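Using the sequences and the accompanying hints, generate a full structural model.
Here is what each chain is made of, one letter per residue.
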Amino acid sequence: MPTARRMDLEGGMMRRSARKYKAKARRLLQLYSLWQETRREELQQKWMGLLGEILDLEPEFSLRREFQNAF
Amino acid sequence: MKKKEEQNENCLYFDISKQERDSAIRYLLETIIKSRNETDFPSNYYTYDEDVNVYLAHLLFAVSLPEYHEMAEPYLSMDTSDILRWVRATEDRTIRYFIFKVNADHLLIHSAIFNSLGNNHLKKIFQRSDRHFQEVAKLYYEQAAAYHKRIYRKKTGVGDVLVKLAHYFECYQGVLIHVRRQYFSFVNSFRDQAFDQFVGEIKNYEQDIQRKIKMDRFLDLYGKWLATKNPIYLREVQEVAQDLKQLDPEFRFDADRETNGFGGGYDETKCA
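Protein chains in written order, with my numbering: chain X, 1 to 71; chain L, 1001 to 1272.
If you're looking for bench data, these hints aren't it; they were derived computationally from the structure.
Fair warning: this is a prediction, and the values are worked out from it, not measured in the lab.
Note that beta-carbon positions come from the ideal geometry of N, C-alpha and C, so glycine has one too.
One should not assume that every hint holds.
Quick list of simulated restraints, FRET-style, between CB atoms [said to hold, decoys possible]: (1) Glu37/X / Ser1189/L: 38 to 48 Å; (2) Gln1210/L / Lys22/X: 27 to 37 Å; (3) Glu41/X / Ser1129/L: 51 to 61 Å; (4) Val1187/L / Gln44/X: 24 to 34 Å; (5) Pro1074/L / Glu53/X: 34 to 44 Å; (6) Ile1177/L / Glu41/X: 44 to 54 Å; (7) Arg1026/L / Glu42/X: 17 to 27 Å; (8) Ser1023/L / Lys22/X: 55 to 65 Å.
Below you can see the structure in the form of structure tokens.
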């Protein structure tokens, strides 16, 4: 299933303890924020990589809430 | 690079376009005007006050953003003595104005939208009445207006709005109470905007990667077809061209030209 679709479906769901992924998610948000400002390609590669790491570790981890709190 | 990233740790940036911002404020303004009509307090009822509608729309929008809370938080207190102490501690009129204004706005928004003033059940005996908060908010707006006038030494639009908010506080509070439900529905959809945009970015990225992979495949097969004229390759080229067209509607490949012997039937400019 494409990552975007997965994110769509998983948005809003945070069923398991997410504490250990919070640090990675926070880093992802920082890189995404910086990428929004600069549009530098290497930053996009970095946040995409982190997203992959997070979803590999915990496929049900929801970033929606992280985004709602951060932005 | 690392320094820049560290600097941004506590200040996340989300690219809200001016258009999105304007559209959000326009929605809130329309909601306020509609609510005023529904609460029998239409615009310009006592005095010209369309400027207050605009002020309230901007205030509601600001309150939905985390940076507003970060900015206002250090100057907020429910205790009037704190406010007066902070005001006395500075000679700067702008800071005095800001302290009064931000606390008046806080009381207005929290009494009308969040209904969160005096919710401390443990201290019910000492709980302050709604009337108390209304009077304090009026006083703060009056003080903010006075300091604003002293700063600019002339009549200003914001100064006028603050005076009207002080005079007709209960009426505007009533309007915002009526706006409450629409406001929360706005905030919910608005707060999802950053995440929705994030999902959109991922979709775009995936589509871009897919398009690049397909284009490489297309060029590879097309090269083989040109070298061998093997119809199997042409069929595969056509299939990949169909996929490419779905990913990029501007992509062109003319299969008839290929079979009729007019080579170069794809648009090279789209292969970059």
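Structure-based check of all given hints:
no., hint, result
1, Glu37/X / Ser1189/L: 38 to 48 Å, "violated, 24 Å"
2, Gln1210/L / Lys22/X: 27 to 37 Å, "holds, 31 Å"
3, Glu41/X / Ser1129/L: 51 to 61 Å, "holds, 59 Å"
4, Val1187/L / Gln44/X: 24 to 34 Å, "holds, 29 Å"
5, Pro1074/L / Glu53/X: 34 to 44 Å, "holds, 36 Å"
6, Ile1177/L / Glu41/X: 44 to 54 Å, "holds, 49 Å"
7, Arg1026/L / Glu42/X: 17 to 27 Å, "violated, 37 Å"
8, Ser1023/L / Lys22/X: 55 to 65 Å, "violated, 32 Å"
Checked against the numbered hints above, the structure breaks hints 1, 7 and 8 and satisfies the rest.
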